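2 protein chains.
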Amino acid sequence: MSPGAPAETDLPLRGLVGSVLGEADPSVYEVLPNLAEDVAAVEEQLKASLPASYPFLAEAATYATDSGGKRVRPLLMAATFRALGAQDTRLVQPLAAAFQLIHTATLVHDDVIDRADLRRGKPSVPRAFGVPAAIVAGDYLFVRAFQLAARYSTEIILRCGEACAELAQGEMMQENSRYDLTLGRDRYVRIMMMKTASIVAAGVASCGMVAKASKEIVDGLEEYGRAVGVAFQIQDDLLDIYGDPDITGKPLFSDWREGLPTLLTLDAYAALEGKERSQFERLFLTRRKRTADLMRLKDLTDRTDAHAKSMHDAEMCVKRALAAIEPIEPGPYRSLLERVARGVVTRRF
Amino acid sequence: MSPGAPAETDLPLRGLVGSVLGEADPSVYEVLPNLAEDVAAVEEQLKASLPASYPFLAEAATYATDSGGKRVRPLLMAATFRALGAQDTRLVQPLAAAFQLIHTATLVHDDVIDRADLRRGKPSVPRAFGVPAAIVAGDYLFVRAFQLAARYSTEIILRCGEACAELAQGEMMQENSRYDLTLGRDRYVRIMMMKTASIVAAGVASCGMVAKASKEIVDGLEEYGRAVGVAFQIQDDLLDIYGDPDITGKPLFSDWREGLPTLLTLDAYAALEGKERSQFERLFLTRRKRTADLMRLKDLTDRTDAHAKSMHDAEMCVKRALAAIEPIEPGPYRSLLERVARGVVTRRF
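Going down the list, the protein sequences come from chains H and W.
Residue 723 is where the first sequence starts when you use the numbering used here, and the numbers rise one by one after that.
Residue 723 is where the second sequence starts when you use the numbering used here, and the numbers rise one by one after that.
Quick caveat, the hints were computed from the structure, so don't treat them as lab data.
Quick caveat: nothing in here was measured; it's all calculated off a predicted structure.
Watch out, some of these pointers could steer you wrong.
If several chains are the same, the list does not tell them apart, and a pair holds so long as it fits within one copy or across any two.
Here are the simulated SDA-like pairs of lysine to any residue, each with C-alpha atoms no more than 25 Å apart in a straight line [as the list claims (entries may be wrong)]: (1) Lys769 to Met895; (2) Lys769 to Asn898; (3) Lys972 to His1029; (4) Lys792 to Val932; (5) Lys844 to Asn898.
Given only the sequences and the hints, what does the whole structure look like? Please build it.
Encoded structure:
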């Protein structure tokens, strides 16, 4: 551990630090304890919003939030708020908890739709509690999110809702794109924008609104969130093929198994020719792929520049994200936002 | 058609009038055109909240709301508001639309959970659009509901959310009660209270809040909504056994098929003895019931006073509902609320 890096005990942020902050500069480490406190406080809000008086739901919902990942969203929202010079992060904690609950709700329903058995190395909610409980627990998480959001301005609630609607629309577009190699890059980028990026953007932009930042800065945060969200998704897609399942906690090749085209897949298919192209198509369209099919798909992909193209696109997103928050005054919290933008494309989980 | 009864053209209320207002007194018919206008305006709000710019979702969500039933909720909410002397029902139309969307969302997710093929005589949303679309469309309907609720006071949004949470909890309790003949009346009544009645109660009570009614009246409306909700559910359970599928639009015996105990089932089981009791138990617990099994269950039920007991309970609910709105000044809109309370237990669909 480098000097100034946070002690093991500082954490809820361990996973996050490991994944996206590994090489952060010392000023970022200096403010991490504040953010760790913020994230821990959001965690308390999450727990309090799932009271034991709703026993059947509390169990599945708490299980889902516990498997809910790296807490990048609450960290980004707290850092945004502090980067704008605001001190009292209690003002955005319920909002951050709301966004985390929305994120968790969509993961639970996604796992029902994708029949996913594992989420972060643990049985998924539908696997652990059954499909009916997963559907209802997802609804319950949405409801609790909106209750947390209820104390904010109508403008913020509507923006939060619009991001959820975009997310749902993105999910439907993705659902309709299964086994479609003619989807095209633009439409895939639009899916990522709606499904992944809109909610990240709404989270940081609404923190800007709570902090009463200028329109220029709120718009910049929106752009930052969108760019980071897309970069995050591109890296997620790459980890699905090139990641280490022991580190990601997810089995490899789930997108190919489920027939979901990604940038990588679309670019590989576009670059291949002749027999290789038709083999790629045939294998991708196969409904029950054997391990050998998946390995061959990877092999064919690796004969193209698709991986490099995805990485290049992700890096372009990072640049856009960095430019978008330039209007914010420099400081350790802005540095952290920059560091997270860089980190999402180098993370291994 | 009796004189003073609304012309065919008046309707969105035709189904409702047929189902719960058939024998209403003339003063009720006089105010029906106003309520028909209210319900039509709520309908407009519903449509506007599902814009075509979300094409994949708009289609399934619109289909779901079109199959969303008799519009009892919007009617009750508008009538409540008017019964309190308030004139400008535009003030409660978005709220009524929100409650209707929440109701619709839960029906869509229920149909996924119950694998229901039909809803009001038409293919259910999961049947017509697939399970993934049904899950996401349900989420989308929830989101749009909360956006409509966003313009109301934090108190109302929280109350609306709490009713949704109760509803989810009730669904989980019901899910856990499948094939459980030891459930007991009290717990079943609690399930109905949470799953069906809480959202009706929140709807009318929040209209009282918008109309700035006294605490006594708001509490009375809450009680009215709970009693009407439970009566509605008891009648629903009876129609599942004794209804006419051509009129209800639903196949018979779905509760028995799905192993869901109702008051009727619990009372019949409690009243039977000896061999009949064990046969009832064995048949109810059978997972794939044949038609002969279902007919025999009905036969055994009819040897008991279970039907009469359910009807008696429903009538007690109606009495409670009527008493609860006595503090409201008498008038045609209060009469309509009374008429709806009476109508839910005599309706045939």
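(request) If any of the earlier hints don't hold here, list their numbers in rising order. (result) none
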